[in-house]
Amino acid sequence: MSLLLIVLLPFLGALLPALMIRAGRTACATTTFSFSLIALALLLSHSSAVLNGEVVHASWEWLPGLGLNANFMLDGLGFFFAGLILGIGLLIIVYARFYLAKDDPMGSFYAYLLLFQGAMLGIVLSDNILLLLVFWELTSLSSFLLIGYWKHLPEGRQGARMALTVTGAGGLAMIAGMLILGEIAGSYDLSEILLAREAIQASPLYLPALVLILIGCFTKSAQFPFHFWLPQAMAAPTPVSAYLHSATMVKAGLFLMARMWPVLAGTPEWFYIVATTGLVTMLLGAVIALFKDDLKGLLAFSTVSHLGLVTMLLGFGTPLAAVAAVFHILNHAIFKAALFMNAGIVDHETGTRHIPHLGGLLQVMPITATLAMVAAASMAGLPPLNGFLSKEMMLHEAVSTAWLGSDWVVAAMATLAACFSVAYALRYVGHVFFGRTRSELPHTPHDPPLGMWLPPALLVVLVVLIGLFPDPVAGPLVASVSRVVTGGEVMDYHLALWHGFTPALGLSAIAVVCGFFMLKAYPRVRAIWAAGPHPEARLMFRSTISFAVELAQAITQGLHNGALPRYLAFMIATALLLGISAFIGGSHEAGQRPLLEANLATVMVWLMLVGGCLTVLLHHHERIVGLIAVGIVGLVVSVAFVYLSAPDLALTQISVEVVTVVLMLLALNFLPKDTPRESSGARRLRDGSLAVASGLGIGGLAWAVLTRDFETLSGYYLEQSVPGGGGTNVVNVILVDFRGFDTFGEIIVLGIAALTIYALLDGVMRGAVQRKLVAWVPDQARSADRHPMMLVVATRVGLPLALVVGVFIFLRGHNVPGGGFIAGLLVAIALIVQYMASGFSWAAQRMKIDYHGLIGSGVLVAALTGLGAWVAGYPFLTSTVWHLSLPLLGEVHVASAMFFDTGVFLVVVGATMLALANLSRIARRAEYLPVNAEPMDIDPSLQSHSGQG
Amino acid sequence: MEFLLASAIGVMTATGVYLLLRARTFPVVLGLALLSYATNVFLFAMGRLAVNRPPVVDALARGYTDPLPQALVLTAIVISFGMTAVLVVMSLRSFIESGDDGVDVLVQPTEDELGGSAPRTAASSAREASQ
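If you're matching them up, the sequences are chains X and R in order.
Under the UniProt record's numbering, the first sequence is numbered contiguously, ending at residue 949.
Under the UniProt record's numbering, the second sequence is numbered contiguously, ending at residue 131.
The shape of chain R in the complex, shown without the other chains:
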């Protein structure tokens, strides 16, 4: 069981990191979501694994698993949802504004560009070279 969980954490981390390094916003958001799963499960695992020992006080219980990592992970899940949501919306806004969903800004915005619809083709074509 422990091996399954540890390897699952590893697989989720690896996938998350790989996606995080992509050049477009959507895969980065997906990667971040996977990385949050991995992190949450990892934190949870710090309390070690137990089956059928929920931390709910009961006279008949044979024992309890560690409740503290669970409490920490519960809020972590909600906060990582908040962060994922901000990122999704940020990528959406930047795509609507610029028509490009790359995660690199190589061209410094000039006065003209700040004014409105600057083409981002320079950024897109330079993307591959810069990474």
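The shape of chain X in the complex, shown without the other chains:
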């Protein structure tokens, strides 16, 4: 349990800083601090078990069907990284409290920081690679927020974007790699995968999986050629750089390589990819670092170089190199975090990080200078500090490693890199704290408050302690981590300051001497550097991105330039191509199902349908003709449903048909009545071919299906309809009971469609559009008899009858054809006819129903019916049947699904009426004439009084 809590605490804590900031900056920092502190205490409570080699597990099933479980484990490696994340995190929280300015939003800073901390802890404690990927992406996102924290700085935004793009792209590659790995191993749980070394390395998919996973690791850990995002991310506030870019995020890639080391390492592929990348990165980073004028830029490239060093050691694939890698991860995190905080202090107190503007700070900032000197000496690898120890181990491994048959290349390059690293470390100290004192600094420098120098000071104490007493201080930790990384191999090594006169010591000495002289001749060395080529990875990245954007725009413009026909033509053509390719690949024998006889009536109906379609095709330019022909086709379809044993469909289709035609007529009132003939012959040929091909395809497919037998799962519904659903009309029972959840979703969609229509039409009633509407002149002659007496009388007499029919259709729906959908449409038709016959204002005065409310209450009734099942302890929408004996009516069965159907009914009525009534409303607004005020133009009851009329 406590394992889950360690990961969850930062996430829970992330909610608080934004609230606590109202209580002041210190309260905010204290809250953040205490969450991390509790997590660290929980972690340390496992320390004795973990250092003894035990593994703590905690697991919860999350999505077991996908192999994704919330499995966590705590072994030496996880413990080590979690300790770094939380320990350095605590120091950063204190440091940031004093570093951030008054007007920086500190609440969001701590919230992002805790989010990031939780994501990192998730990575290092996950025992499931899918879960690990989730946390991996979370670190990319939260680091994006942190790097771009100073939103007003363009460099901050660009740096954040670049970091997100590079690490996010790497993360995508890694997802693919991890999926392959999980498929090979047969499990997504790390503990299982770590046992499957032989199977993984023997698999033909080993290399693709390895490359994809390594792309993820290399992008995250800023390895060449993906190193360029890290220096750009230096636009972040210094606490972020100190945390993300020294101790945590950039180490995530190293962590994963170490985690996967037992299964992936040891092959030539691993050696040449990982070790070479590491070596190149180490050398390149060290060289560039020497010539960076920005303090943080120098440290950033130095970090790139040290990350390369660890990568190279992991790439060597030998257990001893792995130990060295682990030890250097620890040492680098400590001295680099101290140095970043130190650079932050210099920046904070002097107002600049530009090295040529700085100098002689030793006199004014003695504490800062002392801390810088010790930490930088460790970075340079000088004895007796911790950086020296792991660098010695690295050189020792480099000497004994052959690369493509030559056994000196690695050692030479490593020594060269070490030499540059001595030079830039000395430059950090020499050019900032020694030399000429500058008077033109933006601020008058002095040592910072305790809260800012104490965190790095604690780290510097560790630098010295580990350097002097490596085995007592770090020995057990390194041993337990190394056991995990190497998969439990027993190794003969010991951490010590003095190993005697070894080749590594000699190389180390050469590096120190060369580095010292290089700095001494710095102006000359720099001139040589300046004369060489400087490919800017940042610019290449930018041009790659803009190329991708232009390409995407060109493709989008080509496919979808704003002309709907072109876009649809591409879609239809693509669908056709897919269908044709499937058709060519399939079998083509005829179906065996016995066919139904066609009689004269069916052929006649078929002829009507084809005739209707042809009329639409030939006469759609006269829109009213086209509309009528479409109506005919719709009627034929409903007749077909009647004939083919689908009475419910027929009823729905015919009522929808009526409503649709009314709706289109109302719209056509305003639209042009004719479509101009503007398509060229070529256009018509293209569209005609697409249409014919689509028709042949769909028709052929329907024919192929209809002539073949099939198996259906409908037997269940037919059997269960009466006992389970309490109704004999199986279609209705399926709608309101078995698949009630679908129906629930559908009435919501219908409601949303109606509200969209309302919003679109309501906008016509105001502003400039309304003036256009009022100024509109009908393009057709208007009948003098706008409210024909016969129609008015017939609809009014018919209304109660129609409503009764609606209720009847609704009530019988559960057992014979009918139901909420059909009843709703019928009632809507009965009501809309009143608008048509007597005019909008007459009808609106008498129908004071709020159609919005009708839709809302319908959805609510349906939802409450569903929720009612919860009260009885059943799943959502489980139905029940009551048997009541009522006086006069006798035994009555009431299914709870009927209430659900009531909801459907209300939504259908509300939605249909909302659409149609609003269309009538704008028609009235456009053609307001006094005649509309009266329900009938010729009222017989008045006529007898006025005589002439």
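Bear in mind the hints are in silico, worked out from the structure with no lab data behind them.
Computed Cβ-Cβ distance ranges for the label pairs, DEER-style:
id, chain 1, residue 1, chain 2, residue 2, range
1, X, Ala590, R, Met83, 33 to 41 Å
2, R, Met83, X, Gly700, 22 to 30 Å
3, X, Ala590, R, Leu60, 34 to 42 Å
4, R, Met83, X, Leu172, 34 to 42 Å
Sample of chain R residues facing chain X (criterion: CB under 8 Å; computed from the structure):
id, residue
5, Gly10
6, Ala23
7, Leu34
Cβ atoms here follow ideal geometry from the backbone N, Cα and C, with glycine treated the same way.
With chain X held as given, fit chain R onto it using these hints.
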């Protein structure tokens, strides 16, 4: 019978697609309506055809047709009505606003045009060229 139904689906699809590719809103709406008929009947046909076998449980029935595609198609009819209605109203609104019922927007709206009554003649004249 099966042939009649399959060919009817084909004819409705072809007509619907042809209208869908027209350059004005109203034919597109009509085309969409026809295409929904075709799709609904096609879905319905997945349950195969049967005459006089409605899926209403009855002791005297000689058999039932497949009720499941019917239930799916019933809601599909209502939803396609909702979508057709939205499209009709959208075309109406765009016609009232712009005075043009074309289905292509080739001119990017500028600040001025967003303000109100921009002439759409450029769009109309460029229509033929673009498709």
